[in-house]
Amino acid sequence: DVKVTQSSRYLVKRTGEKVFLECVQDMDHENMFWYRQDPGLGLRLIYFSYDVKMKEKGDIPEGYSVSREKKERFSLILESASTNQTSMYLCASRRKIGLYEQYFGPGTRLTVT
Amino acid sequence: QKEVEQNSGPLSVPEGAIASLNCTYSDRGSQSFFWYRQYSGKSPELIMFIYSNGDKEDGRFTAQLNKASQYVSLLIRDSQPSDSATYLCAVFSGGYNKLIFGAGTRLAVHP
Chain A
2 DVKVTQSSRY
12 LVKRTGEKVF
22 LECVQDMDHE
32 NMFWYRQDPG
42 LGLRLIYFSY
52 DVKMKEKGDI
62 PEGYSVSREK
72 KERFSLILES
82 ASTNQTSMYL
92 CASRRKIGLY
102 EQYFGPGTRL
112 TVT
Chain B
7 QKEVEQNSGP
17 LSVPEGAIAS
27 LNCTYSDRGS
37 QSFFWYRQYS
47 GKSPELIMFI
57 YSNGDKEDGR
67 FTAQLNKASQ
77 YVSLLIRDSQ
87 PSDSATYLCA
97 VFSGGYNKLI
107 FGAGTRLAVH
117 P
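Protein chains in written order, with our numbering: chain A, 2 to 114; chain B, 7 to 117.
Quick caveat, the hints were computed from the structure, so don't treat them as lab data. Quick caveat, the model's predicted, so the values are computed rather than measured. There may be inaccurate statements among the hints.
To be verified - Have a look at the derived ranges for each label pair, beta carbon to beta carbon:
id, chain 1, residue 1, chain 2, residue 2, range
1, A, 112, B, 77, 35 to 41 Å
2, B, 73, A, 40, 28 to 34 Å
3, A, 63, B, 35, 26 to 32 Å
4, A, 9, B, 74, 41 to 47 Å
Beta carbons are placed, not taken as given, at the ideal position from N, Cα and C, and that holds for glycine.
Model the full structure from these sequences, guided by the hints.
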């Protein structure tokens with residue numbers, strides 16, 4: 002059974018705080034992704050990683066950074082949280098070759114006040 | 007032109023009917039196609055994937071792919087109120103090496 006977990010379901014932070022969102026997958030997937038989802042804007046890709054220590058910018062990387070020190074773990078970092086980063090954050094993973102099925106974690110609802 | 011297009015809905019069907027959800031895509035080189043179901047406040051859940059032209063059936067769900075027309079659809083037979091959700095179509099683009107998602111179609115199944 003595939004499993005992607007995220008460190009928190011709900012998080013409330015203050016403007017200017019540094020925020021860490023953690024994602025762990027147990028499927029030995031090479032590719033991992035961070036999205037945000039907002040009403041009317043759909044899923045937007047922030048960053049992705051196709052291997053340990055590798056990262057690629059997605060469509061909206063500004064204000065975010067990522068870290069992938071181990072294959073199973075991919076972290077999203079908000080260096081200085083702002084209110085416009087209030088959103089649902091979704092982590093996903095996928096095998097690099099062969100089947101392209103992508104699985105999502107449960108999501109983190111982040112509120113920045 | 008959006009890369010993956012879906013009618014936003016809501017698509018309203020009575021319980022027991024067939025719900026038909028449609029998706030078109032622009033990249034002719036797309037290789038694989040996915041349907042996700044997303045309940046309000048939850049994350050997307052993969053329910054179907056299809057790689058070849060034709061139909062693929064899994065329980066009450068059938069995915070249909072027509073690469074010549076760049077069209078993929080999801081049929082839900084015997085629709086239940088628990089099927090009420092937003093359905094996201096996603097297309098894997100080899101050129102971008104990532105999934106491209108549609109905006110989703112909201113389905114409402116009423117008793």
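Verification of the supplied hints:
no. : hint                     : in the structure
1   : A:112 - B:77: 35 to 41 Å : 39 Å, holds
2   : B:73 - A:40: 28 to 34 Å  : 32 Å, holds
3   : A:63 - B:35: 26 to 32 Å  : 29 Å, holds
4   : A:9 - B:74: 41 to 47 Å   : 45 Å, holds
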